[in-house]
Amino acid sequence: MPRKLILCRCEDVTADDVAHAVAAGFQSLEEVKRYTGFGTGPCQGKECLVPVALAVARASGTPVTALRPFTARAPLSPTALKQFAALEEESERG
Amino acid sequence: MTASPPKRLAGVHGPLPANAELVIVGGGIMGLALAYNLAVRGQKGVVVLEASYLASGASGRNGGGLRQQWSTEMNIRLMQESLEICGGFARDMGINVWMRQGGYLFLMRTAETRAQIERNIALQNRCDVPTRLIGTDEARRLVPELAADQFLAASYNPTDAVVFPWPFLWGYAGAASRHGVRIHTDTPVTAIERRANDYLLTTARGTIAAPRVVNAAGAWSPRVAALLGLTLPDWPARHEILSTEPLKPFLAPMVSVLESGLYVSQSTRGELVGGITMHEAKTNDIQLGSRLAFLGAMARGLVEVMPLLGEVKVVRQWAGPYDLTSDGNPIVGEAPGWPGFFLCCGFMGHGFMMAPVVAKYYALHLLGRETHPLFDRWRLSRFAEGATEAEGMIIG
Numbered sequence: 001m002p003r004k005l006i007l008c009r010c011e012d013v014t015a016d017d018v019a020h021a022v023a024a025g026f027q028s029l030e031e032v033k034r035y036t037g038f039g040t041g042p043c044q045g046k047e048c049l050v051p052v053a054l055a056v057a058r059a060s061g062t063p064v065t066a067l068r069p070f071t072a073r074a075p076l077s078p079t080a081l082k083q084f085a086a087l088e089e090e091s092e093r094g
Numbered sequence: 095m096t097a098s099p100p101k102r103l104a105g106v107h108g109p110l111p112a113n114a115e116l117v118i119v120g121g122g123i124m125g126l127a128l129a130y131n132l133a134v135r136g137q138k139g140v141v142v143l144e145a146s147y148l149a150s151g152a153s154g155r156n157g158g159g160l161r162q163q164w165s166t167e168m169n170i171r172l173m174q175e176s177l178e179i180c181g182g183f184a185r186d187m188g189i190n191v192w193m194r195q196g197g198y199l200f201l202m203r204t205a206e207t208r209a210q211i212e213r214n215i216a217l218q219n220r221c222d223v224p225t226r227l228i229g230t231d232e233a234r235r236l237v238p239e240l241a242a243d244q245f246l247a248a249s250y251n252p253t254d255a256v257v258f259p260w261p262f263l264w265g266y267a268g269a270a271s272r273h274g275v276r277i278h279t280d281t282p283v284t285a286i287e288r289r290a291n292d293y294l295l296t297t298a299r300g301t302i303a304a305p306r307v308v309n310a311a312g313a314w315s316p317r318v319a320a321l322l323g324l325t326l327p328d329w330p331a332r333h334e335i336l337s338t339e340p341l342k343p344f345l346a347p348m349v350s351v352l353e354s355g356l357y358v359s360q361s362t363r364g365e366l367v368g369g370i371t372m373h374e375a376k377t378n379d380i381q382l383g384s385r386l387a388f389l390g391a392m393a394r395g396l397v398e399v400m401p402l403l404g405e406v407k408v409v410r411q412w413a414g415p416y417d418l419t420s421d422g423n424p425i426v427g428e429a430p431g432w433p434g435f436f437l438c439c440g441f442m443g444h445g446f447m448m449a450p451v452v453a454k455y456y457a458l459h460l461l462g463r464e465t466h467p468l469f470d471r472w473r474l475s476r477f478a479e480g481a482t483e484a485e486g487m488i489i490g
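Protein sequence lines, in the order shown, are assigned to chains A and B.
Using our numbering, the first residue of the first sequence is number 1, and each one after it goes up by one.
Using our numbering, the first residue of the second sequence is number 95, and each one after it goes up by one.
Extracted from the complex, chain B is given alone in its bound form (with noise of 0.2 Å):
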């Protein structure tokens, strides 16, 4: 059997055109989803500078959570809508995804974040998300494994997912790829002039003009921002994962633990993936290493979860950077005074499961087709005005 040649799924290397219509600097999942929106509506002249390969940032080194419990409505709405997006996504991409709906159970142990999750749950029923405040037994019933005893109650939704993330970016790389979209790997940006009715890009691969340009590198963001003089809030935050050796399927839902940020689901290859949160210093750097250190907070963690997993071997760790803001919400629209410079950053380390629906709105958006709320509500201004809404399920 000869098999057909294959789709281009990846970048190319090679000089840049002199011009174009808008410019996205980033091809993680934001970016890449946002090219394919806009091509696919239509807009011509899109190029994609990533300064490494496809999936080398927090796209392709994300746990692949897929949730509809958030605790601010917006969030909820847009989850549903991407959760959506994503169930088609095999269908209309051609691609396999992985994706598999085995809901996602969040474990608390105090009374004041039982406290916090019924609102939530309260907010999300409301929304048509039929999560339930659950008790231990029940707990149990859906992960035998679980030492449910040293819980207070769970938070269960049966509809949220998990997905492989890497085909999410090669598939919107190649359904942009065919509607005209260039997207040019290894080719870091090192300067940004702005000019008269345009932006001026130095890349190691040359320059290229465009009046608009959208910073969708996520952690790298404050950085492409400082290349114009324009002073993001954001910040890096390095977190880490492990992924174990492949188990016959045995974990249905994605279990979480509030208060510990522990978070783990077995892939669809059998692999469990996790990690957990460990407090850092807040820096500017952009930390990749991995550390002992969270292989045993990882490792205690699972192991007081579900005891049986001590048994259970790690294969491999690695980590990505979270982009983060100070109330837990993202950084979209028109940086103020920079006509034509748009920002779709500070996803807070929830940017993978977000990106199917965000970059359809911010594709209306450009296109002046149709606005969203999300544009007044996560606009860079609010952090000066006091104008912010916290959102309170980041996770890990």
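Chain A with its partners taken away, still in its complex shape (with noise of 0.2 Å):
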């Protein structure tokens, strides 16, 4: 895989990238995603999960079936503030 090779193209996350927090020691995707900054740009990893997923288990060793996908976050997509404050607090219980 090149080195320069970008997994995430929200926080330019490349190949290389990955393969230095395996070397340093994170091994899930929840670690590897703090280390990196992988998936918390706009996407969210809607984009990069699966890629990163595949460099992680080249990287480490571990089957890529072994990895557990990091805990997807709301909202489904970036959001608008102006939105969210425009909810009436009673739709929001729950």
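Note that these hints are calculated values from the structure, not bench results.
Incorrect hints may have been included.
Stated by the list, open to error - Here are the computed distance ranges between Cβ atoms for each label pair:
id: 1; chain 1: A; residue 1: Pro69; chain 2: B; residue 2: Arg226; range: 23 to 29 Å
id: 2; chain 1: B; residue 1: Ser475; chain 2: A; residue 2: Ala86; range: 49 to 55 Å
id: 3; chain 1: A; residue 1: Leu87; chain 2: B; residue 2: Leu402; range: 47 to 53 Å
id: 4; chain 1: A; residue 1: Leu87; chain 2: B; residue 2: Arg463; range: 52 to 58 Å
id: 5; chain 1: A; residue 1: Thr71; chain 2: B; residue 2: Gly364; range: 36 to 42 Å
Being a predicted model, the structure only gives us computed values, none of them experimental.
Note that beta-carbon positions come from the ideal geometry of N, C-alpha and C, so glycine has one too.
Grab the two chains, each in its own frame, and use the hints to assemble them into the complex.
Take a look at the structure:
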């Protein structure tokens, strides 16, 4: 895999960055997310989770099927504060 | 260019040693900072047990604020020293913590809040913290986007700061490991047995015995203590937080509204990061789910304070557990009746900023070199004795 191949376009995380994270001891996708920042931009992992998982598997020798995806975070896509501000308090219960 | 092999910054998964001199339960900022401070002063045989991964708990979920605007002299002085340690952290540990000293601006709406804040400021000034009560015009000069007229005044200290929390954990973990500390992640403690001369801890990866154990498990600390039959008075409380899309740097200070518990800062990545108080029923469950109700409350609070932000997009929300006590102060020291079992918990959602200094004094205390008044003031028995001193500056 070319070292400068960008796996996370939002945060410019390369294949080399992922290999570096694994070499520093980070094993799970939750940890690699925190160390490299992948999946924390506007796509929130929707584009990059699978390519990064494959790169982590390759770097660590772990089968990709043994890696668990990181916790998905709301909102589903970036949403303006004014839209949340306009919500009625009553409709937010639960 | 070939980069040098990276230093190990994470924990290990592996069988535990049978014995240790000192086991720390909890691989958050408190546990890791304590392990580092002990090892760097020559303590051998320190093992940290973390149930999940580093940064999985409150240490990896907080807003990264470092402030000296507290209401008790001890907290003010501790945070002065903590900020000094944080200022040298990148140099000392060789890791960037994205520290930015943009100050803290506390906004207030009522005369009642102002009277309390004026007392706090007088105390902070006596400790040489340069906090000032400022009017809304000056607040608007500091943050032109502020709809300042709705406030009565503001409390501003230019030397408060924000950091990116995660590298603090890796910095402490990496340095502790290089000084001989073993950090075991994905290693939850499932049982603790008190024996004649030590404690036997059973984990998912085997057992380990040690004469001294430190419970630094944050919101999980009552559960860890309960394994031993010890009841702690702290309890967990969910606090939610959100992050927006990155914006050009515009917001120098952390901005907080005292009456609503709203706080927001701009990270060095450009994102706005912030939370607000959500009133919840007291529970012993650790709840980390995210709610739409929080997005609504936070969005209304932010847009009210800075109307321009209405167009800014929320990218992500998450939650972390505060570890609360009834007087707003932590619980430290040896548990009465449990020789060798030490507590380092109840940090009220503000343990991250306190850890660098608390861990230093905790290490000196455990090594028998020096004790700090915090071990008297924050002892567990104060609750039963009614000898509490309330801290008023708990935000969020």
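Here is what the structure says about each hint:
1. Between Pro69(A) and Arg226(B) the CB atoms are about 48 Å apart, so this pair departs from the stated range of 23 to 29 Å.
2. At roughly 51 Å, the beta-carbon separation of Ser475(B) and Ala86(A) lies within the given 49 to 55 Å, and the hint holds.
3. A hinted range of 47 to 53 Å is violated for the C-beta pair Leu87(A) and Leu402(B), which are about 20 Å apart.
4. Look at Leu87(A) against Arg463(B): about 55 Å separates their beta carbons, and that is inside 52 to 58 Å.
5. For the pair Thr71(A) and Gly364(B), the supplied restraint of 36 to 42 Å is violated, since their beta-carbon distance comes to about 23 Å.
The earlier numbered hints that this structure contradicts are 1, 3 and 5.
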